[in-house]
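Engineer: This is what each chain is made of:
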Amino acid sequence: MNRSNLFLLAIALAIFGTAVVAGHPNWGTFTGLAILLLAGAMAAGALPLGSEPDFVVQSVPRGKISNSLVTLSSAAVLAVYIAGYHRTGSAADGFAAQAARRRTAAPIVAGAVAPKLATPRVEATPAVRPPSAPPFRKVSPRASSAPVPNAAPTAATTEDSPATPSASPAASTSNDQVAVPAAPIAAAPQGQYKDGTYLGWGTSRHGDIQASVVIQGGKIVSAEIAQCLTRYSCSWIAALPGQVISRQSPNVDYVSGATQSCNAFSDAVAQALSQASE
Amino acid sequence: MPSPKPFPKPVSDADYLRTVALMGTFVTIHVVGHGVDPQQTIRREETVERAFEWFRRIEESCTRFEARSELRQLTAQVGIAVPVSTILYEAVQFALAVAEESSGAFDPTVGHTMETRGFNQEYRTGQTIRTDLEPGGSVSYRDVRLDPGRQTITLLRPLILDLGAVAKGMAIDLAARELLPFENFAIDAGGDLYLGGCSPNGEPWSIGIRHPRRDHELINSLPVSNRAVCTSGDYERQDAGEDGGHHILDPRAGVSARAVASVTVVAPTAMLADALATAAFVLGPADGIRLFDRLGVDGLIITPTLERYATPGLSCAC
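Chains A and B supply the protein sequences, listed in that same order. FYI, in this note's numbering the residues of the first sequence are 85 to 362. FYI, in this note's numbering the residues of the second sequence are 4 to 321.
Don't read these hints as lab results, they were simulated from the structure. Where is the CB? At the ideal position from N, CA and C, for every residue including glycine. Please note: incorrect hints may appear among the correct ones.
As the list claims (entries may be wrong) - Partial list, derived from the structure: chain A residues whose beta carbon lies under 8 angstroms from chain B:
id, residue
1, Ser157
2, Ala160
3, Ser340
Using the sequences and the hints, build the whole thing.
Structural biologist: In structure tokens, the structure reads:
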């Protein structure tokens, strides 16, 4: 609101205040006086009192530019958020079913290949995961019971895990023409991958990672870490604690710039996918 | 092989932490506290799921590694005004604005150069991509036109857009927006962070900045709250071809930028922080700091010889 508008508003308020004083002798006097006072204050603010520097002009060179990119980024986020909210809303709906599937699928390490199709709309309440357990912590008891990765879970997944991690991904990528897996659009050509939950291993210099890949309708719908047998207890992935240990810096929550190659994970996923396309 | 260690600093029972592989890296979302009531727990899981869903949506639209992505579809049409989704439009619009602001040091049209220099593998499948473009000399951000009214993008010449920095930042910001009701949360997408509110100990999140040369050391740590922190370093994603080459190209020269080892930016949005970190990487220390000052964000630039340059807000990190 610029000054002249403010001034006009102040005048209007003053008239209104006077009317109140005149019209309602009981309680109106005080209210009216208050309104009048407010009008006076506004008028004072609106009038160019003293030689105040022209701050509007002054702030333009820096303010305008700095605002433009900061504001533009915020505006972009808001625009996308509003435009896409309904679309992501459906993700949450699908979540209950998917989460139920994940929970039921996770314990069946051996039967990894069993297509876990029918779990129609299990209401999430019965199987609620204890809130204390993020996914990979949940499996850690099993991990500690089998601390040697080579001896870890079961046949299909372990045979070539740490020793020859590169072999299977390479094979898998050349076999299946992979254009489709993450393809979101179009009537996904069914049968690129068989539906189900698959597990695979990958190796990094920090240790081994087991990936769990869920295929639904021939598409990869999720790829997550199922087990983590790394030196830093998966922390270099989860970013929290291991870095604290390894960096000798106990006060750090997260580290910026700590990009880690996720080769181990993609190897593990590739291995899982090779089962899905068999 | 040592057995897995338990978390040395256990996350409180009420915290919720989940990690998913997305956008070529690991994305962790951490929600602090908020009780253990089952109803609340379910709502929290749903919200976190929605936050991850933003990463998937944006990756779907903006990846140059997937032939069917909207971005690649756009690339296939030169000289035509292509109607695009809000996600792609806003991402490109913002990328062009940063390009303008940084005089081309940041340029989203480097996609094809990146591709020919070996940054061409889909991270989940290992599948490589190759796009044949007519050799038509160099392209720049000026070859992209926007129509805000009809929400269309026109490429004036054959080119490939690389929205890597912007798309990841945008996904982080949208996830943060989704998590807003929780107040205290952290999003870590491969070392690009957004920190909402406070950490579990009730203080602003303490964020370490990685040493650009020593893997497990920190330059320093800063308290951060309701801000994004992004770092670009020459130690990520090495280029197989060029000796010492890495993933940040100087769009104007087509080779890896070399004046800087790492750049950290603290800004209100991850989109901005990530894009400016890339821009400053190319601009070099002096111009980079000038850019930060002009835009009112905080930044720290470390050179290959480990000299540090910082804006006043981060001078404590030096």
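Engineer: For every hint, state whether the structure bears it out.
Structural biologist: Verification of the supplied hints:
1. Ser157: Interface hint status for serine 157 (chain A): holds (4 angstroms vs cutoff 8 angstroms).
2. Ala160: Hint on alanine 160 (chain A): holds, closest Cβ of chain B at ~4 angstroms, below 8 angstroms.
3. Ser340: Given a least distance of 4 angstroms, the restraint on serine 340 (chain A) holds.
Violated hints: none; the structure is consistent with every hint.
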